[in-house]
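K.L.:
Residues per chain, in single letters:
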Amino acid sequence: MSWETVIGLEVHVQLATQSKIFSGSSTAFGAEPNTQASAVDLAMPGTLPVPNEAAFKYAVMFGLAIDAEIGKESAFERKNYFYPDLPKGYQTTQLEKPIVGPGRVEIALDDGSTKDVRIHHAHLEEDAGKSLHEAFFGGESHGMSGIDLNRAGTPLIEVVTEPDMSNAAEAVAMAKKLHSIVTSLGICDGNMSQGSMRFDVNISVRRPGEPLGTRTETKNLNSFKFMEECIAREVQRQIDVIEDGGQVVQETRLYDGASKVSRSMRSKEEANDYRYFPCPDLLPVVIEDDYIEALRKTLPELPDARSTRFQSDYGLSAYDANLLSADATTASYFESAAQQSDAKLVANWMMGELAARLNAEEKEFADNPIAAEQLSALVARISDGTLSNKMARQVFDHLWTGESDVDAIIDKHGLKQVSDSGAIEALVDEVIANSPQQVDNYVKADEAKRPKMMGYFVGQIMKASKGQANPQQVNAVLAEKLAGLL
Amino acid sequence: MHTKTFPNTIAELAAGLRAGEFTSVELTQHYLDRIQQLDSQYNSFITVTPELALQQAAAADTRLAAGDAPLLCGIPIAHKDLFCTAGIKTSCGSKMLDNFVPPYSATIVENYQRDGAVMLGKLNMDEFAMGSSNENSFYGPAKNPWDTERVPGGSSGGSAAAVAAQLAVATTASDTGGSIRQPASLCGLTGIKPTYGRASRYGMVAFASSLDQAGVITRSAEDAAIMLNTLASYDPKDSTSIDREVPDYTTDLGDDLNGLKIGVPKEYFEAGLDADTEKAVRNALAEYEKLGAELVEITLPHTHLAVPAYYVIAPAEASANLSRFDGVRYGYRCEDPQDLMDLYTRSRAEGFGQEVKQRIMVGAYALSAGYYDAYYKKAQQVRRLIKKDFVDAFEKVDVIMGPTCPNPAFKLGEKTADPVAMYLEDIYTISTNLAGLPGMSIPAGFSSGLPVGLQITGNYFDEAHMLNIAHRFQQVTDWHKQMPAEVQS
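Protein chains in written order, with our numbering: chain A, 1 to 486; chain B, 1001 to 1489.
For the record, the hints were derived by calculation from the structure and aren't laboratory data.
For glycine and all other residues, C-beta sits at the position ideal for the given N, C-alpha and C.
Just so you know, not all the hints are guaranteed correct.
[As the list claims (entries may be wrong)] Simulated pairs of lysine-lysine, DSSO-like, Cα-Cα distance not exceeding 27 Å: (1) B:Lys1387 with A:Lys72; (2) A:Lys363 with A:Lys79; (3) A:Lys97 with B:Lys1266; (4) A:Lys97 with B:Lys1396; (5) A:Lys57 with B:Lys1237; (6) A:Lys72 with B:Lys1378; (7) A:Lys130 with A:Lys72; (8) A:Lys79 with B:Lys1237; (9) A:Lys97 with B:Lys1387.
[Said to hold, decoys possible] Using C-beta positions, here's what the derived DEER-type ranges look like: (10) A:Leu283 with B:Asp1248: 23 to 33 Å; (11) B:Gly1087 with A:Asp116: 54 to 64 Å; (12) A:Glu270 with B:Ala1275: 53 to 63 Å.
Extracted from the complex, chain A is given alone in its bound form (with noise of 0.2 Å):
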């Protein structure tokens, strides 16, 4: 019997504003533990919060890029918990007046159609610190936990979407297309490892034409590939208990990339109870229409928009240019590699061989080590003949592991494809005299087996020049000669 599996998602997006949300202190990552924690941060005693205006501004940024209605009065709930890395015992977020709407987004799906992930809402709130429960004191912990507030207080926007979306590549397409907004409107730098976007997923299964199923949510995944494999395993998982006769529990689980577990935090009668109420401290926020149509005017432009225009201005098919737009960082280095040189050699090298490596060494696009202006050199040096995809190749491993200039890379390593005609016809020559026996079994074959017989000498010339000697160039020669000598 056939099952359906229904989705939603809850995303936490870090903004990417200077300071935090509720205070002046520094969002940036990777501090020294608690060095970006002011007295507000840490919830000392008669501290008030102060809103940022960028964050704000980042929200109704977002809220236009998905066409969602703004919320004009905004304002704040607590949400009250014990947990050492929150520090006031309650959390500053949202939930009777959000600041983003109903909206929708649109994704690709892999048969080229397409389909509207509905928003049911996206609300402002602040993340919290980190516990440290490894090793911090020099190695040894003594039994304790560590607390990092440098987190805590960074803005978010909690992205809440309609459960729409009825399988696992859905999902991420649907997560990947959020990225893709909020790093193209530079309100988030999208870093997933280091937690910039963190992804709950809601699954629940039905038989078609069944009301829904009880639903898990699984919290915390900060990869689309993680997503993916938890998905697929959550959405068995259930169909196992129902199909042994069970009954799915409503519970929040978590899910263990490495392992490719996921486990039960807590169930529904365990939760706790928020006692959200709103927040004295915060005045509700009036954003007015001015301020909004400001701000859609200096929208800048999204992954649909710079999708479209990539096919047209670069010549690039539909599924390319999706692929090289969809993030702001990808789509801007693509720009400018292919300002100097051939449009789709590059996005062809930044698909093939960029990102091949990039997956291999699990890296970031932001961690990619070859700057654009670098590629475009490469792209150039294969588009003028210098270089042959297998030079290039090494080139490119070489600029990889640290050296910078492609010119002088090529002299270094002696990559220079050879083209001279003279130079060829002599290795040519060379090869066709130090091999009889195989010119003689050539001349004697059948005219049919003639092609496949000049590999031989093809390879033989390649390894005589190192590699080097231009292929066409080689293979026209050697035609000639070979036949020469019928």
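Use these hints to put chain B onto chain A, whose structure you have.
P.N.:
Okay, now just chain B, sitting in the frame of chain A:
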């Protein structure tokens, strides 16, 4: 004791300092001596800061000599111990913060420093400002200088006792449901809580954020005006403070009161009001008629709902505001915690007093799933009705007057076993906080030898007018000049 004698109002002291009759160092030393000799009877200070006070006094003398010093320069005051003072313990009257030394000062503390006021120390209070008798202090109750077997009121009991005992010329205080006006009334002093948002809450340890407001306790309306000039400010660090120009509150003190319409709410003179208190208040109202004012009976029909609404809203906010006291980052931490839950539960169980725990429980309950609508939401609706009562009343009258408290100071321990009786202490004062209005209490007579306060409630941001109304009364009466026999000698 020093041989010099000193007047006891800011206005007179400021004049004396400028006339060279005494220096701020002499004046400060005089108060420090009094505190040392007398405060064991009143327990009004939690922390005394003599060295700092004398340093500030010396700096004030230099500034005074240079001329053009603010009126408060060199005047010895003290702060309620919920205003954070950088480098000086700020306990909030709680074991929880007995070890807490903030690295920052409250904005209002900085304002007083800016104007050269000398800080003598930090004043006793009910723990986390929860109480009406100062009996909930970890440091023991402050005593009423009119009768040390009686309470000074609360929560700003130390702020009132110190001024009444002449251990400080004026003090800062805070008012969430009457915590300035009730102790001022019980100690025969002038106290004012300005409009919500008029003074910064930054650095004032929060009890109920939507109700808390800083204010002052003084010997006269004129002194209150001088103190309020410094207290009031717009503060970008407090999102609920209001960006509105602060007037000079001393300018209009002498304006006449001809044609002033005084609203007298009938609900404030019903059952439960002490007869002598009523008599004193009626006499004060008659005095105002002589000053040219007209009395208008008004109704504030939702008055009876103020106490119940308050005891949902204030504990609800407190339950969240006090969550930060968890033993993790600062303040009291239990001995040898076994795990996180043990750390939380014992630190909070041991660090908070009974009344605070009770209110946290009540507040958490009122916000719980399934009860929110019946309690918190309903209380907020009531709050809007109460506010509307006042808005309607101020269509007809300029100011509202009545008793500050239903009775004069009661005995220590008299009401501790009966929380409802204790909560009814604030029956006339609480509505003002729910509406966010400015409120004031001035001495208006005596009941059984104990001071009675007249409450003056003004319209939003009408503090200057209220101070004027209070000052005119004090020009024709001397209730505010009465002093406990013990203090006088």
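K.L.:
Provide an ascending list of the numbers of those earlier hints which the structure does not satisfy.
P.N.:
2, 3, 4, 7
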